[in-house]
Structures are given as structure tokens and as C-alpha cells.
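Each chain is listed here by its residues.
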Amino acid sequence: MSEVKNILLVGVGGQGTILASKILTSGLIKAGYDVKMSEIHGMSQRGGSVSTQVRYGDKVYSPIVGKGSADVIVAFEEMEALRWLDHLKIGGKMVINDYRIQPVPVNLGAAEYPEGIIEHLKEKCEVLSFKAAEVATELGNPKAMNIVLLGALVKAMGLDEIDWDAEIEANVKAKFIDLNKKAFHAGYSL
Amino acid sequence: MKVIMSGNEATARGAWEGGARFASAYPGTPSTEILENMPQYGAECYSEWAPNEKVATEAAIGASIAGVRSFCAMKHVGMNVAADPIYTFAYTGVTGGFVMVVADDPGQHSSQNEQDNRNQAKAARLLMLEPSDSQESKDFMKKAFALSERFDMPVLFHVTTRTCHSKGLVELGDREEAEVPDYEPKIRKYVTAPANAKVLRATLEDRIAAAREFSNDCEFNRVEMFDTKIGVITSGISYQYAKETFGENASYLKLGLTFPMPDKLIKDFCSKVDKVYIVEEMDPYIEEFVKTLGIECTGKDVIPRFDELNTDIVRKAFLGVEPETYTTDMKTVVRPPALCAGCPHRGLFYALSKRKGIMITGDIGCYTLGMAAPLNALHSCICMGASISQGHGASIAFRDAGKDTKVVSVIGDSTFFHTGVNSLMDAVYNSGSNLSIILDNRITGMTGHQQNPGTGYTLMGKEAPEVDIPALCKAIGVKEDNIITVNPNHLDEVNAALDKLLPKDEPCVLITRWPCVLKKFSQQDIDEFPTLHKTQCVIDQDKCKNCKMCVKTGCPALISTKEKVVIDKTSCNGCTVCKQVCPFKAIEEVTR
Ligand SMILES: Cc1ncc(C[n+]2csc(CCOP(=O)(O)OP(=O)(O)O)c2C)c(N)n1
Ligand code: SF4
Ligand code: SF4
Ligand code: SF4
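Protein sequence lines correspond, in order, to chains W and P. Sequential numbering of the first sequence, starting at 1, is according to the numbering used here. Sequential numbering of the second sequence, starting at 1001, is according to the numbering used here.
For the record, the hints were derived by calculation from the structure and aren't laboratory data. Do not rely on the hints blindly, as some may be mistaken.
What the hints assert, rightly or not - Residues from chain P shown here face chain W by an in silico Cβ test under 8 Å; the list is partial: (1) HIS1109; (2) GLN1112; (3) ASP1206; (4) LYS1243; (5) GLY1320; (6) VAL1321; (7) THR1325; (8) THR1327; (9) THR1328; (10) VAL1334; (11) ALA1338; (12) GLY1445; (13) MET1446; (14) PRO1556.
Ideal placement from N, C-alpha and C gives every residue a C-beta, glycine not left out.
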């Protein structure tokens, strides 16, 4: 029995973690894995911390990625990477979008956004960080940032046997397919 | 082929496969998507949003008495609202199979309390099914209708946030059509006058006894024998955590039918293992039953009685092991939810936040966030519909104690239709003096934008008559002169209405009417609110004095740093509230 693999996609509501994880899970299912995915949602407002947990292997029981067990954490926002650090498996990898979204308490002057998160995390674990928003903007639309991150995740997990272009075609609106394919490959080749 | 489905999608699919023809619900996390997934089954199963859970349950009961398989769905607290009909429907039993889907929220991901409704299945005496993943959600739901008919008992289908919102692979099946009998009145079965009800109460014991026999040997309750040093009894999502914790180092009694509890099966299983562990979330529901059988077991002495479980907690509790993790001293900042940029509730709460000496009773919905900094303009939130009744009680209490504290009650449109209408009747009938503010954002916002009796559309997408809120308030007895409707984005309009209504010593109603910015606008919305999403605001940095007054509206589109304030173009929705509060006229409205 192959070991169950754990992936966490974390970010801020509205960043597109849901589409990225949808493409990811549909690719994993095609590859024949048992897959469970957990996504707690409930409030309509955007701007809160969000996480999607994806687990795959021969047989998966719990849908929850436990502490110290994520093979890869993809953080769509810097501080969210820090928030979820304790879920990373020792020896696991962080893919971090070098991007900040200021939370309300910082806006109101009641708290300060921590400085130097990425450097701090690099001292602890393996980190791949880059400005996904800039990569996506160069391709024509900053919103494709989520798929750039998906490309980097797929590379980090070594999931090369899956036809990801086909999955993008199946899950994305027609007019965004080209952009998203480019975004995926840009992320993959980082 | 297998498809990936959330537990909620799978429950909806199971209802369709099980031959359901009628579904009614009031939205509530984590149950909402069950009914949202019903319209795809079209004419084979009618589905609707009811104004509240009691009504949804009664409508589904009516369909069952009419002979069709029916179900209702709700979040855990919804079962409190629906308790009245279901406790008595348990006596009468069903004609068409009947299922009440109740979604508990251990860990309070998005709820005002945590309650273990398995206790209510026992208290009301309902058959109870507990699926542990998406496949079982589909399979159990499909079989629930026939089960209900076989034992002549309603089924409580107990799910939790994790089963509802997790996705897993599901093998689909076909629909099983159930015949609809011709109607025959069954007065002794369905008229629960005391003489009939006493008889029904006695026969209910017989029905429970038959169901208990069944539970001892049925497909819902399964034994998995591996190592017999440990025997785990578990149900629902907890089964998954137990399996991951113990693997083949323990044997399992996995329960899916948990009322009535399978006494013989439990005794038999426990006799085959050395030690018995009970793994369950929230209350010791299984554990207490096992103990009444005189069996020693370990459960809540090591597992917490509240909050959500996971494998880490179960492993630590029984095996004493904790995962090795990276640690850090660097602190993160929380991201509390906030009213959206351009939310129509912001203008009202900003205006209320400037009034002193008032008590603001609140209710449940997006507008509960009016309590958060920097607005801090909502003082209570207990349950749906409570704002106006609480406000009435408080206003009388203040009056009789000789205090001049004025009471304002804020309530959303969907919440007003849910149970706020009765509360307003109380305030009017008993000469209260609170000012009720109905925040009509043309949708049920909090739970993801469901239609309601005021929006003009149904769940199945049909046009529908709209409740006329001012006319309804007038019919209840609020004086016409005491009912004002405003655009909450216009602070001067809101303030003028507050100035007029707050000094009055009788029930008054202020209605704020502007759509939620995340709502999918109907043609009617576009006609009624022509400026929606047409403009945005920008700060003229030459005029801005960085005084931060605009930031005090709490709009998340205003990004404030030490040096300056800017408006995030991608999120501003042009409500202009910031512009109205800027003392230096530094904010301009521009077309998008
Ligand atoms: C008894 C009960 N049923 C359902 C819910 C879930 N719920 C919380 S808020 C809400 C809707 C609020 O809608 P509305 O009053 O229109 O306010 P909005 O969110 O649009 O501001 C619902 C259904 C609940 N908390 N309690
Ligand atoms: S920035 Fe101003 S105009 Fe834009 S949504 Fe926020 S408060 Fe409204
Ligand atoms: S979802 Fe609608 S009602 Fe809720 S906070 Fe956002 S804009 Fe306001
Ligand atoms: S209120 Fe006006 S002057 Fe003050 S910070 Fe905001 S935009 Fe600048």
C-alpha cells in the first residue's frame, strides 16, 4: 500500500484556492488515486483565512491533514504560510507566493504585519518562494496567480504522469484556458 | 464510474436515488448545499426554501402524510426551531418515507453554539443514521426512506461539518421510484388528540423495539475484526480518525444506525475484545449507552467533550503520541471576517456607531459583523429572530426601571421572515418602544445568497410574489408614520430617519433597502438600483490628510499604512460611505 500524501493549499478568501484544488483533485482521480478533500466554508464574506486539504493514496480515511503531516504546503499569501507551518511534515516543502494581503487589525493599526516571514521560514524548512502575481500579470492577468502556484505544486509533488493541460481544459472557462495553461507551465518551470 | 462529491452533494443525490419527491429546507451552514443541489433533479423531486426550519419540517411532513417520500434539511440549531413538529410526528409515524437531515457543527466553524443532536434523536425517538463519508451519505440517504416506511418512524439523518464539506469518491446508482398511494384519511394515526396520542405513544415503543432488533443485524452497523486487544466503537466521521489511529491494531464496531442502539451487537462485539474504546465527537452518546449495558469502556475520560475531533487528537488521547512539527516564535495576525467592501450594512452601522446611549440588540446574519471593530455597533446575538423580541423585553425593562436607554433592534430580511415577524407582533401588541431596523439586502447573505420570500424568486428559479415588508409591518399594527425605508449607503438619509424615529415612544420600523454586493443581480435589481457596480471611489492623494476617518468605516477596500490610505481598485464597490465621512473631501467617485 502506498503511503497517503498530504497537500495543503492555504490563502485568503477570494484568491482562487478552490479552483486550484479542483483541478488538482480531478487530476489525481484520473490517475487512479483515492482522494479526499476538505474545505470548510460557511460565511460569504471574503478576506478570511481559507484552507483546502487534499489527501491521496490507495485508500484515504480522514479528510483532514494533521499537524506535521503535509508533504507540501502551498501558501497563496505570506502570513498564511507562517500560520500553517506546524502542519508541514519534517522535511516537507513550502511553496510560498511572495504576496501580502493586509488583515483588518493591521489596517486599523491594532497589529503589525510580521516582517521577514519568507527569510524566517527559509531558515527552518525547504521553501520555494516567488511572486506569482507578477508571473501571472506578465502572462496577461494577475488572477491566474492561483494556477501559477498549482504548477509549482505539481512540480514539487512530482505528479508528472498526469495530463494537466487536459484537466485545465475540463475545469476552466473556455476563454481562460490558454492563459491558465501558460500560467501552469510558468509555475511548473520555476 | 466514481465521481467526487461533497457529503452534501451526495446526500442530495441519495435523496433523488431513494425516490424523494419533496424537499424543503431553510439554509444554514453546513447543510445549505443539500437543497442547493436538488433543483438539478428537476421535476422528479420538487424542492423549496421555507422561511424557517419548523415550516420546512411541517411541509415535508405534509408530503409524507400525502404518501410521498419527503425530506427536510437544516443546520443543528434549526432542529430546535423544528422540534415541535418532529417530537409529535415521531408518534404518528409516516406514510411516505420521511427524513430530517440535521447537520451538526462540532468546533463551531460557523455557528453560535455546538450541540450534539444525536441526543435529540433519542429524546424524540427518531430512527438515526450517521454516515461517515460521501459514499455513505449517498447510500444511507437512499435507503433512509424505505427504512422510515418499514418501521413507521421518521429518520434523523445526522451529519457534521466534516462529512458535509469534505469530498470523496462516490459510486452512483439509479433512482428507485416509490408508488404514491391514493389518499385515505387516517384520523387515528394523524390527529394527535390526547386519546389518540396516548395510543400512539405506546405503539411507538413497539416500533422502537422492532427497530432495535433490526439494528442488531443490519447493513448500517458493521464489525471489522483485526487485532482483538482493542475494540473501537465509533460512528460518523470519527470512524475515519479511529481507522487512521489504530489501523489493523484494533477491531471496530462501526455504527451507522444509532437510534435505537444495537444492544446485542455491542455486547457481542465487546465480548470478543480485551478493551473497549469509544471514539465519538461531542457528547458521550454511544459511551453512555455502552455503560448502561454494564460494559467498561474508555471514551470521554480521554477525548474532549467539545470541539471537532481529528486524527491528531484521537492519537494523542489513546496512544499518547504527538506529531513532530516545525515551531516558530513569530506571531501571525488573525484575519477576522469583515463586512464586504460596499456592503449595504456598513452605512447603517456607521450611523448607529455614532449614537450614544442606545442598546443595540442584534440577530444572526452578515450584519452580526456590525459588532466588530471599528464599528462596535451590535450588542447581542442569541438566535434567529431574537433581536426584536429581546429589544422589546429590554425596552419595557428600561422603561419600568426609569431608565431612558433607547433600544434599537437590527435584523436581516431573511431572519425577519424566519422568526422576526412574531417578535414584531409582540412588540406592537404589548406597546413596546424599540426601533426595529430591517436590513433588506434583497437576499439571504450569510449562507451564500439564497432566495427568500422577499426576493421575488424560488429555489427552483421561478418568479414568486414578494413579501411587502412595509405593508406587513403596517398590518401588524406599526403606524404608517413610524415606518421609513432608506438607502443605507446614504448616511444623511439614515441619520434623518434615526433622528425622526429614535425619540418616539412607540414601535417603529426602519427598513434599509439595498442589495448585497455579492448577490447575483436579477433584472429587477438592475432596474431598481441602477447605480449598482457602476462607480468606484478613489482618494486624491494631494487632498488627503491621512486622518484615517475613512478607515473607521471598516471597509476592507481601504488599505491603510502609516504613510497613507489607498483604495484597492479590485475590491471597491463604490458605496461612497468613505467619501461621505472624509472631512477633507479627498475622496471622489469615478465611473468604473
Ligand atoms: C435557526 C437557524 N437557522 C439557520 C441559521 C443559519 N443562518 C445564519 S445567518 C442566516 C441568514 C441571514 O440572512 P439575512 O437575515 O437576510 O441577513 P444577511 O446575512 O443577508 O445580512 C442563516 C440562514 C441559524 N444561525 N439559525
Ligand atoms: S472604498 Fe469606499 S466606496 Fe469603496 S466600497 Fe469601501 S467604503 Fe465603499
Ligand atoms: S455577503 Fe453581502 S450582506 Fe454579507 S457582508 Fe458581503 S455584501 Fe454584506
Ligand atoms: S478620511 Fe479623507 S483625508 Fe482622511 S485619510 Fe481618508 S481620504 Fe484621507
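Indices of hints not satisfied (ascending): 2, 3, 5 and 6
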